[in-house]
Each structure stands twice: as C-alpha cells, then as structure tokens.
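Chain residues, written in single-letter form:
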Amino acid sequence: MDNIKEFEAGLLKKLEAKDMDKIVIRNISREIVNLKKSGLLIDQVYVKGVPRLDRYIINGIVDPEFWSKFNNVGGIFSRFEVFPYGVIAHQGFKFNAEIER
Amino acid sequence: MMNEHFTKGSSACAAPFRTIQLHPTRRCNLCCKHCYSSSSPLLKESLDLTALKTFLKYAYDQGFNNISLSGGEPLLYKDLEALLRFTKELGYNNTMATNGMLLGGARNRSLLQYLDLVAVSVDGPPQLHDYIRGQQGAFEKMQQGLQILKELNKPFGLIHTVTPESWKELIWLGAFAADAGAKLLQLHPLELFGRARQELAQWANDDLHLHRTYILANYLSSKYQGRMVIQADLLHRDYLQSFPQVVNGFARSCSNKDRLAQVIDNIVIDETGAITPFAYGFDPQLSIGTLHDFDDTLFDRYLAHNAAKIEAMMEQTLAHVFENKDQDIINWNEVWVYNSRNPLQVSA
Ligand code: SF4
Numbered sequence: 075m076d077n078i079k080e081f082e083a084g085l086l087k088k089l090e091a092k093d094m095d096k097i098v099i100r101n102i103s104r105e106i107v108n109l110k111k112s113g114l115l116i117d118q119v120y121v122k123g124v125p126r127l128d129r130y131i132i133n134g135i136v137d138p139e140f141w142s143k144f145n146n147v148g149g150i151f152s153r154f155e156v157f158p159y160g161v162i163a164h165q166g167f168k169f170n171a172e173i174e175r
Numbered sequence: 190m191m192n193e194h195f196t197k198g199s200s201a202c203a204a205p206f207r208t209i210q211l212h213p214t215r216r217c218n219l220c221c222k223h224c225y226s227s228s229s230p231l232l233k234e235s236l237d238l239t240a241l242k243t244f245l246k247y248a249y250d251q252g253f254n255n256i257s258l259s260g261g262e263p264l265l266y267k268d269l270e271a272l273l274r275f276t277k278e279l280g281y282n283n284t285m286a287t288n289g290m291l292l293g294g295a296r297n298r299s300l301l302q303y304l305d306l307v308a309v310s311v312d313g314p315p316q317l318h319d320y321i322r323g324q325q326g327a328f329e330k331m332q333q334g335l336q337i338l339k340e341l342n343k344p345f346g347l348i349h350t351v352t353p354e355s356w357k358e359l360i361w362l363g364a365f366a367a368d369a370g371a372k373l374l375q376l377h378p379l380e381l382f383g384r385a386r387q388e389l390a391q392w393a394n395d396d397l398h399l400h401r402t403y404i405l406a407n408y409l410s411s412k413y414q415g416r417m418v419i420q421a422d423l424l425h426r427d428y429l430q431s432f433p434q435v436v437n438g439f440a441r442s443c444s445n446k447d448r449l450a451q452v453i454d455n456i457v458i459d460e461t462g463a464i465t466p467f468a469y470g471f472d473p474q475l476s477i478g479t480l481h482d483f484d485d486t487l488f489d490r491y492l493a494h495n496a497a498k499i500e501a502m503m504e505q506t507l508a509h510v511f512e513n514k515d516q517d518i519i520n521w522n523e524v525w526v527y528n529s530r531n532p533l534q535v536s537a
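Same order as they appear, the protein sequences are chains A and B. Yeah, the first sequence ends on 175 if you go by this note's numbering, and it's all consecutive. Yeah, the second sequence ends on 537 if you go by this note's numbering, and it's all consecutive.
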C-alpha cells in the first residue's frame, strides 16, 4: 500500500512539473501506446455522455518476442492491461492479465 | 483455441453496441458550467413519445441496439418510464447518464429496473464539483444517489469531465469510484462546446493536459483491472494510425457499408427530434433527418446521398491528425465534430 501511495505521489509530481520537458511526457505516452499496439486491450472511442461497459478487440497483433517473456503464464490472454511503471520508476514492468481458460 | 481477435490480420468489426444517444429533454435541475448541451431548468421542450417509439422500432430493426439517455436530466422527461419499458421490451440495452441528484423519489427508483447501466457525473472533489455544478451541496446529493444505486444493486459508473483543474484529482477519483462500488469510470476531456465555450474557455485542455490524462487513465486502468473499467475517451495518434477502424466504420473489413448502423456506431436524437450522425454537435447539414418526418428508407437514402462524402471527410480528418506531429493525444470526438463544421481545405 505504501509502495502504491509513493508511486502515485511520484507519478503526479512527474506529471505536474511545470517546466517539464514535454519530451519526457510524450515518451511515457508512447511507451503506453507501444504496449497497447503489442496486441493488448484495444481502445474504443466513446462519445460524450454515452456510458458503456463493453470492450472489444480488433486486430490485436501479438508480438511473439514480447510474449515469449511471459509464456510461463500459459493460456490465452483475453484481457491484459499494463502500465509502464518502469518508465516512471525503475521497478520494471508490472503486468496483470486475465486468462481465458 | 487462440482467440480469433488476437490473430494477426483478423477482420476488424464494428462495436457490439450501436448506440442511439437520446436527449429527450434539455430540461435540467442544474445549469453546469461545462454543459455541452447548454441544458437548464428553464428549457421545456421534450420529445413526443409516440414519434420516438416509431423511430426506435425502425432503428432497432436496422441494427441499433443500445440506448444512451442524456439530457438535460433524463429523469425529468415525463415519459421516461414508458420509454424505457418500450425499449427494453424491444431488446435494447438501456443506459442513462444522470447527475444522480434525483434518484431518491419512488418513480425514479422504480424506473431503474429498466436500466442496464447508470452513469453518474462527478466533476472532482466536493468543492470543485459544486463549483462546476453551480450549486452548493450538489456533491453530497450526488453521493446520496450513488448510495441508492448501490443499495438497489444497480450497475453504475461515474463519468468525469477532465479539466486542467481536475487531472490532478484522477487518482483520488479512481479511489472514490472504487470505494463507491462503480463498475466504470469514464474520463472525457472537457470540450469547449455549448455552455463550456462561454463559461470555461480558460480551461481548454492543451496537448500536455491530454497526455497527463492519458497516462493517468492508463495507470488507473492497470490499478483497477478486474474491478472497474477505466475508459478514457482519448487515443494516441500512433494508435489511431495503426487502427483507424476504431473510429472509421468505413475502414472496417467486415462492415456492410450499405447498412448505416455498421458504419456509423452512434446517432443522436435531440429534444427537437433531429437525428444527427456520430455525436452531439455534428454538422447539422449532415443531419440524418427528423423523427417527425421519416419512412423506412431513411437510412438507405441517407447513405446513398452522404456516405461517399462522409467517408472522404473521415479520411481527410484522419490524414490531418496523422500529419500533425505536435498533437499526440487525440480527443477524436472533438476533432471529428469540429472538422464536420469546419471542413479541411484539401489541396488539389
Ligand atoms: S451537465 Fe448534465 S447535469 Fe449539468 S446542466 Fe448539463 S445536463 Fe444538466
């Protein structure tokens, strides 16, 4: 819990910095999008005022190299969400997955 | 068996929900500073139920399957219960966006039975929420509404309009939503449309704010995975470039381009009965028609006249987004509505 709080405070601080070089923040976003493009959960566009709970996945392309690191988990990922923690703090990637049996 | 969606080159299909966003009235108990529909307690006009039902039956047969009620405050629409009962019986999924302050009465509690999902707007911690809502105590009343939803076991989410004043509160908001029992937290960046244009012009989101929202939303998504869906209505340009079919129904390999519901995922009906494609505020010159004057050929005629034009507009808008390397994070809805009204000049 303390770790999470510390991480969140650090994340906000990093994002808040007024004189922050925009390149840093752009790189964080790019890390996120690269993970998404590796065949993970796909974004969908929602319009203002339309609440929705569904998700759908199109053209999820699994990068074999990326996945080979995680193949010990086994099974098929039906949903997978990641945040590049390592870009913010040097804790490596944290990842969570839901596995479809 | 490998999930077909993960197979490289698999076909890209339309969203399972094709939505009709209904604004049956713009009457509201509030007069919020950021209201894109400029709703207020003074507005009285509302949709005629009979005309609406006829259209909704037609639209269902044409492939639309999700009703999303907005407003105004939908709970102030006098025929709401009859409407929801009708759409439920037809087979629609019913959802509603509300300010959550009027859920206490017997009539409103009762009509919740016809709703599959209720989304309550929260603008930030109490002080910020009350400021934007223009009413002291609005946060507390909204919280009572959440309590009612929880007691009745009704699936609900929170919708938050992200402003330069609120992005720092997103981690707080995630915790607030999770503690309240929300299943969804939807983050929509402020668009300077409707009343927001006058009241909150100084709060326009720049690219840096959009990056911040995008990063925090992805963080929250990871943090609350399995417990709550975090939906940020933002796309990274690189992502959109790889998957334009997320927004472009015409680019989906399995879309039947002769069916309006397969290329336009969302249509809007306002309190006057006007039927608009895509999103609130889209160019009225590309209006689909009105509830008061339509027949069974409406969608087909609309596509026959406008599909090529809209497809070209869509491609131009996407090309423009891809070219603009200064803007990484895209609020597609805002860009698309803006470009529909201010077409891009295309060089010969
Ligand atoms: S934002 Fe919602 S609650 Fe506020 S005035 Fe508009 S319709 Fe009413």
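Incorrect hints may appear among the rest.
Here are the simulated DSBU-like pairs of lysine-lysine, each with C-alpha atoms no more than 30 Å apart in a straight line [to be verified]: (1) K222/B to K87/A; (2) K88/A to K343/B; (3) K96/A to K357/B; (4) K79/A to K339/B; (5) K88/A to K277/B; (6) K514/B to K79/A; (7) K88/A to K246/B; (8) K87/A to K267/B; (9) K246/B to K343/B; (10) K343/B to K87/A.
No wet-lab data here; the hints were simulated from the structure.
Worksheet item: Within a Cα-Cα threshold of 30 Å, do K343/B and K87/A meet the stated pairing?
Response: Not OK: K343/B and K87/A at ~37 Å, beyond 30 Å, violated.
Fill in: Hinted pair K88/A and K246/B, Cα distance within 30 Å
violated (52 Å)
Worksheet item: Does K87/A lie within 30 Å of K222/B when you go C-alpha to C-alpha?
Response: Holds, because 28 Å separates the two Cα atoms, which is no more than 30 Å.
Discussion item. What's the verdict on K79/A and K339/B, does the C-alpha distance respect the 30 Å limit or exceed it?
Written reply: Cα-Cα ~27 Å, so holds.
Fill in: K87/A paired with K267/B [C-alpha distance capped at 30 Å]
violated (48 Å)
Worksheet entry | Agreement of K96/A and K357/B with the hint, judged by alpha carbon distance not exceeding 30 Å | The given pair, whose Cα atoms are some 17 Å apart, holds under the 30 Å limit.
Discussion item. Check the hint pairing K246/B with K343/B against an upper bound of 30 Å on the C-alpha distance.
Written reply: Distance of about 26 Å is within 30 Å: holds.
Fill in: Given hint K343/B paired with K88/A - CA-CA distance at most 30 Å
Violated, at roughly 38 Å.
Worksheet item: Is K88/A close enough to K277/B, meaning Cα to Cα at most 30 Å?
Response: violated (47 Å)
Worksheet item: Are the Cα positions of K514/B and K79/A separated by 30 Å at most?
Response: violated (34 Å)
Comparing the model with each numbered hint stated earlier shows that hints 2, 5, 6, 7, 8, 10 do not hold.
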